[in-house]
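Engineer: Sequence:
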Amino acid sequence: MAAAASQTMPSIAQRKTDASDWFRTLRDEICAVFEAIEDAGRDDDGQAGRFARKQWQRDGGGGGEISLMHGRVFEKVGVNISTVFGTFSDDFKGQISGAEDDGRFWASGISLVAHMRNPHVPAAHMNTRFIATSKNLFGGGGDLTPLLPDAAAGAEFHAALKAACDSHDPDYYPKYKKWCDE
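Residue numbers (this note's numbering): 1 to 182.
Just so you know, nobody snuck in bad clues.
SDA-like mimics (lysine to any residue), calculated; alpha carbons at most 20 Å apart, straight line:
1) Lys-93 <-> Gly-140
2) Lys-177 <-> Thr-145
3) Lys-175 <-> Phe-157
4) Lys-76 <-> Leu-148
5) Lys-54 <-> Ser-20
6) Lys-76 <-> Ser-111
7) Lys-76 <-> Ile-66
8) Lys-135 <-> Phe-92
9) Lys-76 <-> Gly-41
10) Lys-175 <-> Thr-128
11) Lys-175 <-> Ile-96
12) Lys-54 <-> Val-113
13) Lys-162 <-> Lys-177
14) Lys-162 <-> Gly-139
15) Lys-175 <-> Gln-95
16) Lys-76 <-> Val-113
17) Lys-93 <-> Gly-62
18) Lys-76 <-> Cys-31
19) Lys-175 <-> Ala-159
20) Lys-16 <-> Leu-137
21) Lys-178 <-> Ala-159
Everything labelled a hint here was simulated from the structure, so no lab data went into it.
Hey, can you work out the whole structure from these sequences and the hints?
Structural biologist: Structural data, given as structure tokens:
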């Protein structure tokens, strides 16, 4: 039985590689869409923005790459990918599932923050990550921060989040919304 499982279940090393590759591909797709939006912006608002990339290293192990853009539609957009590893502090490891007894971890993820020039368009943030401890976990979140509140847009955003959560478990949206609101 164990031999059959090992043939169908990718190794943790393969899952880590797949996760890092997926986040890099997702970053490239997100950046391409943001640049296409910049290209569609009005020419009288200056040059269309393009992402500049810079790599960084984490002292405790690993690193990542930040992609930054300033443009005519977006005041500033940052899309960061990272793959880091190390050992959680004793205070923190109890908060992460699978790290309670052994604080070693490996994590890969993506985060995005976008600030638009138009005050009617909210700032956007999202992140998602794969964390490997003695367990394998995906996590993340997203939010919109309006400068000028728009109840209809807020309701549409929450309906989309609820639909995504409901596709996994109908208890997720109320649980996580309450957690977020607190």
